[in-house]
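Chain by chain, the residues run as shown.
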Amino acid sequence: QKEVEQNSGPLSVPEGAIASLNCTYSDRGSQSFFWYRQYSGKSPELIMFIYSNGDKEDGRFTAQLNKASQYVSLLIRDSQPSDSATYLCAVKDTNAGKSTFGDGTTLTVKP
Amino acid sequence: DTGVSQDPRHKITKRGQNVTFRCDPISEHNRLYWYRQTLGQGPEFLTYFQNEAQLEKSRLLSDRFSAERPKGSFSTLEIQRTEQGDSAMYLCASSSGGGFEKLFFGSGTQLSVL
Chain A
1 QKEVEQNSGP LSVPEGAIAS LNCTYSDRGS QSFFWYRQYS GKSPELIMFI
51 YSNGDKEDGR FTAQLNKASQ YVSLLIRDSQ PSDSATYLCA VKDTNAGKST
101 FGDGTTLTVK P
Chain B
1 DTGVSQDPRH KITKRGQNVT FRCDPISEHN RLYWYRQTLG QGPEFLTYFQ
51 NEAQLEKSRL LSDRFSAERP KGSFSTLEIQ RTEQGDSAMY LCASSSGGGF
101 EKLFFGSGTQ LSVL
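Residue numbers (the numbering used here), protein chains in the order written: chain A, 1 to 111; chain B, 1 to 114.
These aren't lab readings, by the way, just hints derived from the structure by calculation.
There's no promise every hint is true.
Stated by the list, open to error - Mimicking SDA-like on lysine to any residue, the simulated pairs with C-alpha atoms at most 20 Å apart in a straight line are:
| no. | chain 1 | residue 1 | chain 2 | residue 2 |
| --- | --- | --- | --- | --- |
| 1 | A | K98 | B | L55 |
| 2 | A | K42 | B | R22 |
| 3 | B | K102 | A | D93 |
| 4 | B | K57 | B | K14 |
| 5 | B | K102 | A | K110 |
| 6 | A | K110 | A | Q80 |
| 7 | A | K2 | B | E44 |
| 8 | A | K42 | B | R9 |
| 9 | B | K102 | A | Q31 |
| 10 | B | K102 | A | G59 |
| 11 | B | K102 | A | F49 |
| 12 | B | K102 | A | T94 |
| 13 | B | K14 | B | P70 |
| 14 | A | K42 | B | G3 |
| 15 | A | K42 | B | Q41 |
| 16 | B | K14 | B | D86 |
| 17 | B | K71 | B | Q50 |
| 18 | B | K102 | B | G72 |
| 19 | A | K110 | A | L75 |
| 20 | A | K67 | A | T24 |
| 21 | A | K2 | A | D55 |
| 22 | B | K71 | B | Q41 |
| 23 | A | K67 | A | K110 |
| 24 | A | K2 | B | Q41 |
| 25 | A | K67 | A | D93 |
Just so it is clear, the structure is predicted and the values come from calculations on it, not from any experiment.
In isolation and in its complexed conformation, chain B is listed as follows (with noise of 0.2 Å):
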């Protein structure tokens, strides 16, 4: 077990363009989370899935932002039309779940729109 995997590590893109990250979870871990960290903050919760369903999505999250997991196994999020604004760290987690779940964190996607 090689714990939670993103691709890629650095992501430079110019505003307006789509981009896509990857994050292969844990591989017995039913739940697979996004968060978004920026400097000095906090990891801000995304969007989350159980298996393959997607049960729980930021209301913060603009509709530029999409997630999948496909066979409940890795995950992609998807970011169109990219804004400066959406410059920050792309941090995948995944869990087993349960009420008093433990995350496990991947090394995250540090994207930089100019």
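Looking at chain A on its own, in the form it has when it is part of the complex (with noise of 0.2 Å):
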């Protein structure tokens, strides 16, 4: 089993919808967490991060945490063709220098 898991999709939204996206990980230890999209041929770039139980709220990007049940999820409201890339959860312990990605959801806006 992976430490962390996405699903892989691809995902397919009409333009305007919201995507959802979900990532569960096995390290009860896990402290922060974080979204990366990225675009086809380009690298990761950050999006989100939240550390705390609950929904973090940024634009039109919502970020959802339960370490109850170990599960992330990123929320896009009003989709844009824009957002079509790869999603990447990403997972780090507090006192772990590295952060442990999973294998990204893709995610296709259709206009």
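Assemble the dimeric complex from its two separately framed chains, guided by the hints.
Below you can see the structure in the form of structure tokens.
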């Protein structure tokens, strides 16, 4: 079992819809959680991070964390074709150096 | 500040040759990471530095791989006796550290081993 699991997709949503991306992790010691966006042929870029249980909103993006269920999600409201990319979930133990990544979910937003 | 810089962008080599990649992190960042990514997979951790000290190396990393960060500035990743399975995108990332650190990635070096 991988340490960080994501649905590989592809996930396809129409423009203007809500895209929901999910991630589960196995290490209960994980303390910080990140969502990176990776366009095809490009390197990952950070779009959201969350440390506490609950929701964190930033513009059209909302990250949700449930440590008891070891579950992280990313909601993208009013999805745009420019949101089409692979979304990588990453988790980190506060005391560890490295972030561990899932394999990503590929999102396609159709006009 | 121009971000994380990696060189070269692309490298084609023959099996058995040695290759070296360079990463220049964001200047004020004290942590530097190397990851490897293949198509359809997420970045896989290779090693990381805090200043000039190499603090962790993946247990999956072959002895053919070595990394340095002299003087805590740029870093190099060398692969000796390359194999076709080494073909991947090699990503460098830097951060300012801390428990809630955010990684800033370079554009990567795409290695193809023929």
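Outcome of the hint check:
{"no.": "1", "hint": "K98(A) <-> L55(B)", "verdict": "holds, 10 Å"}
{"no.": "2", "hint": "K42(A) <-> R22(B)", "verdict": "holds, 18 Å"}
{"no.": "3", "hint": "K102(B) <-> D93(A)", "verdict": "holds, 13 Å"}
{"no.": "4", "hint": "K57(B) <-> K14(B)", "verdict": "violated, 26 Å"}
{"no.": "5", "hint": "K102(B) <-> K110(A)", "verdict": "violated, 30 Å"}
{"no.": "6", "hint": "K110(A) <-> Q80(A)", "verdict": "holds, 8 Å"}
{"no.": "7", "hint": "K2(A) <-> E44(B)", "verdict": "holds, 12 Å"}
{"no.": "8", "hint": "K42(A) <-> R9(B)", "verdict": "holds, 11 Å"}
{"no.": "9", "hint": "K102(B) <-> Q31(A)", "verdict": "holds, 13 Å"}
{"no.": "10", "hint": "K102(B) <-> G59(A)", "verdict": "holds, 19 Å"}
{"no.": "11", "hint": "K102(B) <-> F49(A)", "verdict": "holds, 8 Å"}
{"no.": "12", "hint": "K102(B) <-> T94(A)", "verdict": "holds, 12 Å"}
{"no.": "13", "hint": "K14(B) <-> P70(B)", "verdict": "violated, 28 Å"}
{"no.": "14", "hint": "K42(A) <-> G3(B)", "verdict": "holds, 14 Å"}
{"no.": "15", "hint": "K42(A) <-> Q41(B)", "verdict": "holds, 14 Å"}
{"no.": "16", "hint": "K14(B) <-> D86(B)", "verdict": "holds, 11 Å"}
{"no.": "17", "hint": "K71(B) <-> Q50(B)", "verdict": "holds, 11 Å"}
{"no.": "18", "hint": "K102(B) <-> G72(B)", "verdict": "holds, 19 Å"}
{"no.": "19", "hint": "K110(A) <-> L75(A)", "verdict": "holds, 17 Å"}
{"no.": "20", "hint": "K67(A) <-> T24(A)", "verdict": "holds, 10 Å"}
{"no.": "21", "hint": "K2(A) <-> D55(A)", "verdict": "violated, 25 Å"}
{"no.": "22", "hint": "K71(B) <-> Q41(B)", "verdict": "violated, 32 Å"}
{"no.": "23", "hint": "K67(A) <-> K110(A)", "verdict": "violated, 33 Å"}
{"no.": "24", "hint": "K2(A) <-> Q41(B)", "verdict": "holds, 12 Å"}
{"no.": "25", "hint": "K67(A) <-> D93(A)", "verdict": "holds, 13 Å"}
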